[in-house]
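Fit chain B to the given chain A structure using the hints.
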Amino acid sequence: MSDAIVKLDRITKSFGPVKALHEINLDVRNGEILTLLGPSGCGKTTLMRIVAGFEQPTTGAITINGTDVSRVPPERRPVNMVFQRYALFPHLDVFDNIAFGLRLRKLPSKEIQESVLKILELVQMEDLANRWINQLSGGQSQRVALARALVNRPAVLLLDEPLAALDLKIRQHMLTELKRIHVETGTTFIYVTHDQDEAMMLSDRIVLMDHGRIEQIGTPEEMYAAPQSLFAAQFLGDTNILAAKVTVISGADARCNIGIGDVDVPSKGLKAGEEINLSVRPELITLSEANGADGSLTGVVKDHAFIGNRIIYWVAFPNGLVLRCQEARGIAGITYPAGTAIAVSWPVQASVVLKL
Amino acid sequence: MLRGYVWLYVFILFGPLLLIVLFSFHSSPAQTFPMQGLSLIWYRKFFDNHVLVESLKNSLIVATCSASLTTVLGSMAALALARLQGWKKNAFGFLTFAPVALPGLFIGVALLVLFAQFGISRSLVTVALAHTLISLPFFLEASRSRLDYFDLSLEEAARDLGATPWQSFRLVTLPIVAPTLIGAAILSFAISFDEVIITIFTSGERTTLPIAIWSMMRQAMTPVINAASVMALSCVVLVIGSFGLFGWARRRWSLGQRRSARVEA
Chain A
0 MSDAIVKLDR ITKSFGPVKA LHEINLDVRN GEILTLLGPS GCGKTTLMRI
50 VAGFEQPTTG AITINGTDVS RVPPERRPVN MVFQRYALFP HLDVFDNIAF
100 GLRLRKLPSK EIQESVLKIL ELVQMEDLAN RWINQLSGGQ SQRVALARAL
150 VNRPAVLLLD EPLAALDLKI RQHMLTELKR IHVETGTTFI YVTHDQDEAM
200 MLSDRIVLMD HGRIEQIGTP EEMYAAPQSL FAAQFLGDTN ILAAKVTVIS
250 GADARCNIGI GDVDVPSKGL KAGEEINLSV RPELITLSEA NGADGSLTGV
300 VKDHAFIGNR IIYWVAFPNG LVLRCQEARG IAGITYPAGT AIAVSWPVQA
350 SVVLKL
Chain B
0 MLRGYVWLYV FILFGPLLLI VLFSFHSSPA QTFPMQGLSL IWYRKFFDNH
50 VLVESLKNSL IVATCSASLT TVLGSMAALA LARLQGWKKN AFGFLTFAPV
100 ALPGLFIGVA LLVLFAQFGI SRSLVTVALA HTLISLPFFL EASRSRLDYF
150 DLSLEEAARD LGATPWQSFR LVTLPIVAPT LIGAAILSFA ISFDEVIITI
200 FTSGERTTLP IAIWSMMRQA MTPVINAASV MALSCVVLVI GSFGLFGWAR
250 RRWSLGQRRS ARVEA
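Chains A and B supply the protein sequences, listed in that same order. Quick note: the first sequence uses numbering that gives the first Met the number 0, first residue 0, plus one each step. Quick note: the second sequence uses numbering that gives the first Met the number 0, first residue 0, plus one each step.
With the rest of the complex left out, here is chain B:
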């Protein structure tokens, strides 16, 4: 029973994904079974479409910028929250997470008004700022679960052994919490990459891939959209995968370094 349920669950979760990937390689525009043959024609059409390629680039730029900004701001906030105690911790913890419950429409309009007030014209910069705003709560929530358990006596131990506050952060705190922060950064990247509503309100002439796909769909449902979606998916998977690989390689490397250093000595 339980086993069957788990399979059903997984199928519902990943079935649609699989379908899109499958049809993006379909040689015919029909999106029905049985499949008639495989081809890369939709991918070619995707890369021939200037608007789509440009918007994919924009998406990557925006997601990278907003994820970086989120990581810097979010890490500092999460580390500060981990040090707060009592009602202050609860209050600030709530305030930082509450924006998640706000409707995207509301945030979008609010930002639109704000940017207009300050005379900031809409561009990829405003999109990246807006994305930072909405991914910050998620970043904080994802990293706090781990940072709240960070043993502050580790920092005291570092100080005790002669580290300045900055050294103890750089040599002890940061290396220990880095995997958590990287995970939260990837989450922010993913959130920014496929954000639609707020992007509509804050983008100018240049737009992101989800918006480009959406406006294409208003005209006709073409299988190019499948290819575009798969491209978007690949980007996110690639980012997650490369960070994972990077972390793994670094561990291997530093371990090897140390071993060889010992052997020499």
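Only chain A is shown next, with the shape it has when bound in the complex:
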């Protein structure tokens, strides 16, 4: 399962003077869902288009299934793509859209018929084979686009922000559908999105990109719990970023000053006097009624938001720092109204050290 089906070897891409990709090295494992995640302009779409064959890398090589395809045109690559706005052929009906690739391969019509019907069943569109494309809803178009790509049994399925054009409800439903289809077909997915929730829900591994570089690669949990850069910490989920200075190292812990007091953080790789950033997730912060105890971090609840299953408190400190804190909703509901003096604390492991 873990052998690489796509290998990107030092891929760079320039558009005139603009460098879109800097030395990308990436192995895509057979059968996984790999997400290219990042803000718009980070190079994720360019990278996918290089895999599809629509763009040529400026330097570097791309290997699919052990074959160097760097100079192979898109029609002869064993990959198929689901386009952002589906790109379904408006002059053909659902059946002919899906059969397009099979007909180009000159398969016997009986075989085409069977394959199309089977894939329609997979995407649950059996009844709509004779529909024209303009008669389909967004979700249905999405299914047809998926079927049209998957029917060719690609080694890798490329999905370019496939859910971006759908409304929230359908988007969530399609996400679970994508997972089901992935399991049923066992195809490798490369999925491009700027939406972190989609990436977290869907991916086996996430490739976080920014400014044409890979920032970090990891499972959704690794990405969330152990970001390696300020960008990664802030892009995935909500977090508090605290400027800190290491004061004392004592064994596994390092004492840091964060302006409002001292906290202990994991000392690995730190030196006394070093300036660092800390990332502390809101849900790992514990709130308690202020009792004036020595060394506790005490602030005042500035505002709160009731999200349903969780409650967010913004706690302000005398030096102007505001911490975003989060509690699961309990029976008591909002326990700390605005103005309450409050003490915050978090375990040592909750502080993720980000080197400057």
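Some hints could be false.
What the hints assert, rightly or not - Below 27 Å or equal to it, Euclidean Cα-Cα: the simulated DSSO-like pairs (lysine-lysine) are: (1) A:Lys270 with A:Lys354; (2) B:Lys87 with A:Lys18; (3) A:Lys244 with A:Lys168; (4) A:Lys18 with B:Lys88; (5) A:Lys168 with A:Lys178.
Don't read these hints as lab results, they were simulated from the structure.
Showing chain B alone in chain A's frame:
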């Protein structure tokens, strides 16, 4: 108010047309109301007039040839323009449309000089070439409005599914833009069919229907001219109608084909 205006507008647009059609069936040469009776006498006189029938044929030949040539050249130019971006698109878009603003007289004389330079004697060929030149901007403008919105990712989707560049053009681009191109082709046909000024400069001994009618009118205003004009009108209407019918029939046919193929399987 608005409704009244619309009717007035339509009347001014089509009133003269209706009048000519009406008088072409008048049994008397008088072109005034009240009408005295209906007859096909002017049509008979039209078909008896060798010069007029010959010129109608010439017009049809010239319009068909120039519309075909315009369609081939214009389609390629329009597809190329749709792929250009930025200032190049604006510049070429302007250059291709600018000839519309040139006076016909100027183009006519310019072509006359050009043909003389190359020793090309004037004939229906030179007329067809001249008509191609003047209908190209219109063809481009009529087709670009649609082609500029052609979603190029459709071609990428075709390539992705295994089509060569040529296959993706033939199986995806062409079928989608064909109705637009046919519409623009009909427009070119109509432009060529009734062109006068440039035709005068570029035609040789054989001439087109508008020129024949025009020279007839210099002698006397006879109702045969009405009949000739109606014949010209019918030709254009027939071309537009047959293309429309053809498109409709083809859609029906391909739909039926597909349905029956599915039922068998």
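We went through each hint and held it up to the structure:
1. With a C-alpha separation of about 11 Å, the suggested pairing of Lys270 of chain A with Lys354 of chain A holds against the 27 Å cut-off.
2. Annotation: proposed proximity of Lys87 of chain B to Lys18 of chain A holds, straight-line Cα distance about 23 Å (limit 27 Å).
3. With a C-alpha separation of about 45 Å, the suggested pair Lys244 of chain A and Lys168 of chain A falls outside the 27 Å cut-off, and the hint is violated.
4. At most 27 Å may separate the alpha-carbon atoms for a hinted pair to count; Lys18 of chain A and Lys88 of chain B meet this at roughly 25 Å.
5. Among the hinted pairs, Lys168 of chain A with Lys178 of chain A is consistent with the structure: their alpha-carbon atoms are about 16 Å apart, no more than 27 Å.
Checked against the numbered hints given earlier, this structure breaks only hint 3.
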